[in-house]
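*Asks:* Now for the letters of each chain:
There are 2 protein chains.
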Amino acid sequence: MADQKATNVHWHDHRVSSDDRKKLKGQKSCVLWFTGLSGSGKSTIANTVDHKLAEMGKHTYLLDGDNIRMGLNKNLGFSAEDRTENIRRIGEVSKLFSDAGLITLTAFISPYREDRDAVRELLTDGEFVEVYVDASLETCEARDPKGLYKKARAGEIKGFTGIDAPYEAPEKAELVLDSNSKEIDDLADEVIAFLESKGYLSA
Amino acid sequence: MADQKATNVHWHDHRVSSDDRKKLKGQKSCVLWFTGLSGSGKSTIANTVDHKLAEMGKHTYLLDGDNIRMGLNKNLGFSAEDRTENIRRIGEVSKLFSDAGLITLTAFISPYREDRDAVRELLTDGEFVEVYVDASLETCEARDPKGLYKKARAGEIKGFTGIDAPYEAPEKAELVLDSNSKEIDDLADEVIAFLESKGYLSA
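In order, the protein sequences belong to chains A and B. UniProt numbering applies: residue 1 is where the first sequence begins, and numbers increase by one. UniProt numbering applies: residue 1 is where the second sequence begins, and numbers increase by one.
The set of hints was computed from the structure by calculation and includes no laboratory data. Be a bit skeptical, because a hint or two may be false.
Copies of the same chain look alike in the list, so a pair counts if it fits in one copy or across any two.
DSS-like mimics (lysine-lysine), calculated; alpha carbons at most 27 Å apart, straight line [claimed, not checked]:
(1) 28 / 58
(2) 182 / 172
(3) 28 / 52
These numbers come from a predicted model, not from an experiment.
The whole structure should be built from the sequences, with the hints applied where relevant.
*Replies:* Here it is, written out as structure tokens:
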């Protein structure tokens, strides 16, 4: 770099490449896209995977309601258009994080197949890893950790996924996690094993 | 982690913290917000800094027109509202990248002081580093690397910053780079020296 004379014309040759960013981190990057009903365990499993990867020295980031809804997407509501734009923006941001070399986790209900497939299209082959957190409506409603199903059943929340709005389960998910009966920790280990077997955890 | 039984109730205790992410990377994070006229050298300097930091083993990411305008912000035009929303989204995304522990560089004209100050407000003390790439309109117009000033003068582009739209220079930038007379490589070194002196390059 010492003798470089960058110019507007030649500079783009010197842009740090996504491969450079991955090599520095000793890993390949991808987007682990967790989808499932409210209460299925998406966020909990994603956090557990994130934590396990960080303890392994892997470089990760987690996008979820906590850091997206009050920030980037605070000007979006819950209309059909806004839900689609919500997922589109999350898809574009996850693409940037993956380009930065990070193993990127997202945890959003993302109920529409078309919206998830649009994110898949944004990314390169092998970069989008759809993780279906499979828990039945019965299971999720019995857990109801935030009391949302109760409110939806009482008509206090409209357009609630699984009650009066559809959830379109993935048909070609790279990973299906049985969240009806298995423990969070075991499901997280299934994700880690998948990443290891596919070579994401080495450069 | 081995014996952990995560639940929705307790999980947030186990969220990987931003400090954990920075420690893993051996650095502190920040947002280097390059602002200046078209042709001032923002993008070239930011790319040079990015490259030098990557060669030092630092973990970075660069947001600029190349990866933002055709992706996250492709549904925005150049009206006053859209320009503000453009910078707001970039600010929110740069906040996420900084939270992920990365030294984040952004290179956008970002002509309005109010929009830049709104990004500053999003971030914590010391996290927002405004870098004014100071080149006069005369200098930029003489360079005119993309022929845009010529088109703006001919009336083929409307609302062009510096010609028929204002550029509000920073009044409290953390760094001012004299791009009228200094070399790109020397200006990039000034940024690196700033980061070193302020302790950003160690955990």
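*Asks:* Are any of the numbered hints broken by this structure? If so, which, sorted upward?
*Replies:* The structure breaks none of the hints.
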